[in-house]
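K.L.:
Single-letter residue listing:
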Amino acid sequence: MKWLVFAWKNVMRNRRRSLTAMLITAFGTAAVLASGGFALYTYESLEEMTARDSGHVVVAHSRGFDGDEDVPLQYGLADATGLAAKFAALPGVRAVAPRVQFSGLISNGDKSAVFVGSGVVPEIDFRLRGPQMSFSAGRPPATNAPAPEVVIGDELARLMKARVGTSLTLLATTTEGNLNAVDVVVSGIAGVGVPEIDKRLVLADLASVQRLLLSDKVGTLSIYLKETADTEAVAARVRGAQPDQAVKTWRDLAVFYQAVRALYNRIFGILGVIMICIVLFAMSNTLGMAVVERTREIGTLRAIGTLPGEVVRNFVFEGMVIGGAGAVAGMVLAGGATVALLFAGIDMPPPPGRSAGYPLFLSFSPLLYGAVTLVVITLAAAAAWMVSRHAANKPVTEALAHV
Amino acid sequence: MNANFPTVRLGALRKSYRVGESSVEALKGVSLEVGGGEMVALTGPSGSGKSTLLNLCGLIDTPDAGSRELCGTALDSLDELSLTRLRREKVGFIFQGFNLVPVMTVYDNVEYPLLLLGVAPAERRRRVTEALGRVGLESFALRLPDALSGGQRQRVAIARALIKAPALVIADEPTANLDSATARQIVDLLHELAHERNASVVVATHDERMSSHCDRVLHLIDGELQ
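Same order as they appear, the protein sequences are chains G and F.
Under my numbering, read the first sequence as residues 1 to 403, first letter to last.
Under my numbering, read the second sequence as residues 404 to 629, first letter to last.
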């Protein structure tokens with residue numbers, strides 16, 4: 001304790017210089033925490049978005065994920081209702097959504113376009129999608145409507161000049177390889193914020209799609225969990241229970257998430273290294289000057305019996321005091337920014353390939369804050385060790401003669 | 404300390420320094436013994452080798468040749484860490500420029516050698532309080548050195564040097580920066596405390612008041628004892 005008090009007193013010898021080093025450390029720490037918080041928020045948002053889209057755990061036929069079907073639902077799941085009930089009974093499962101992916105042409109009589117569609121159970125699917133899909137008009141398709149209903153993407157609606165209530169025709173290949181068509185009514189127009197998807201998006205009632213494709217199978221069963229953290233555990237249980245079927249997690253299917261995460265990890269990793277270098281240089285400079293100024297004092301302490309390691313230890317404590325104070329100030333800055341952004345209502349511009357921006361928030365992670373603080377204090381201690389060991393090992397007479 | 408040995412025994416010490424291309428021989432085979440409780444003054448003109456001899460006595464420099472013993476322990480084969488530990492236990496220093504640590508209070512400066520020795524807090528408190536009382540600075544314990552006069556600072560330095568009851572005290576021109584009245588007080592104090600604690604003192608000085616208080620006065624000229 002006494003040594004820490006001496007360290008604090010020595011730090012306060014040159015207040016302005018120490019304060020400068022503390023501020024540099026504080027801003028460096030805050031920058032790393034803020035960028036780390038932004039990356040975490042992005043990861044969490046993408047996780048939620050991906051899990052809401054695909055489901056946390058997705059079950060398909062053993063070849064259902066291979067993408068080499070000759071006709072739709074060639075590798076579909078039979079007895080979807082029985083399987084869904086079985087999965088729904090697993091602990092931690094919120095809902096099970098059967099789905100059929102299909103594609104074909106959509107026509108308004110005058111004009112046709114390619115669509116990529118999903119057959120879904122509207123009562124389950126639209127509840128689970130949450131804010132990821134925003135309706136600009138209408139509502140989800142009704143299961144028992146007199147005519148089959150669909151939700152189409154807002155870009156597709158523009159292309160088809162369709163509004164709520166407009167009749168369109170879906171043309172698709174059946175499971176037997178023939179073409180089949182069904183007339184549908186637009187019940188809603190929605191978007192997911194990705195123009196490339198929104199200009200092909202069709203969501204229809206599952207039973208209607210099965211009638212169109214002439215099959216009672218489903219393509220996949222998407223299992224939604226109460227907690228994303230349970231994903232691997234539930235996936236393992238499903239794999240154990242259904243060894244003949246393919247089971248993937250949202251992470252396996254989230255190509256975009258993985259790509260963004262890899263990119264952000266690299267960007268913010270480089271930013272972190274730059275900040276670390278700045279903190280290291282600032283600390284080395286401050287403590288290096290202190291060491292030079294106090295060389296004679298080091299000689300005195302060495303003469304009266306202080307070991308070189310003890311001299312270095314004292315400077316390391318000083319580095320830790322500056323680094324620790326800077327890290328705490330940086331945490332306060334980053335924490336303040338995190339809270340302020342909750343109320344500021346600042347939006348980020350739309351990312352490439354998307355039509356909508358997203359709110360700028362920073363995630364708070366005690367683990368991140370703890371790890372960054374530990375790194376900063378360790379760096380400060382390392383800088384102090386580097387700059388003081390030479391002076392501490394200088395011959396005593398030479399140190400005493402230092403001017 | 405073993406009473407059969409002198410505190411310091413130096414045998415034919417030689418030390419030279421390189422100055423540019425040439426070599427200057429600071430000590431030319433100096434031999435010296437300082438007994439327990441003895442106070443020895445080193446006098447001589449500037450450049451005569453006083454500081455070099457003090458540094459060798461105080462174990463903060465190493466000779467080119469010759470032998471050294473402190474309290475019967477041969478020093479020739481000891482490494483720097485061992486010498487430092489020996490200084491920590493057995494050698495006290497008093498510098499011309501006081502060399503107090505400016506951010507430490509008077510109390511902390513005097514306590515520092517005991518911290519290095521790992522003395523228990525209660526014992527440290529007792530010894531520091533007593534030492535400050537002996538040098539008349541108990542009421543200045545919480546002041547910083549900058550708030551003291553030169554004479555008071557040198558009293559703190561004396562207290563710091565003697566707090567651990569060292570076998571040897573090295574004093575380099577301890578009165579050089581002081582006015583004559585203060586210098587006299589410092590000389591008296593050092594003499595009194597060193598004798599009281601049976602510490603051997605080797606003091607380099609130009610001050611006759613200082614040397615007149617010493618048991619022996621040694622005159623160094625051109626690196627040789629006269």
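Just to be clear, a hint being listed does not mean it is correct.
[To be verified] Coverage of chain G stretches by chain F, computed from C-beta distances (three or more under 8 Å per stretch; other residues unrestricted):
#	segment
1	7-17
2	297-310
3	386-397
Note that these hints are calculated values from the structure, not bench results.
Since this is a predicted model, take the numbers as computed values, not measurements.
Built from N, CA and C at the ideal position, the CB exists for glycine as well.
K.L.:
Taking the hints in turn, state whether each one holds.
P.N.:
A quick look at each hint next to the structure:
Coverage of the segment 7-17 of chain G by chain F holds [criterion: at least 3 residues with CB-CB distance below 8 Å; count 4]. Beta-carbon proximity to chain F at under 8 Å applies to 11 residues in the segment 297-310 of chain G; the threshold of 3 is reached and the given coverage holds. By the rule of at least three residues with a Cβ nearer than 8 Å to a Cβ of chain F, the coverage given for the segment 386-397 of chain G holds, with 3 such residues.
Violation of the numbered hints given earlier is absent; every hint is satisfied by the structure.
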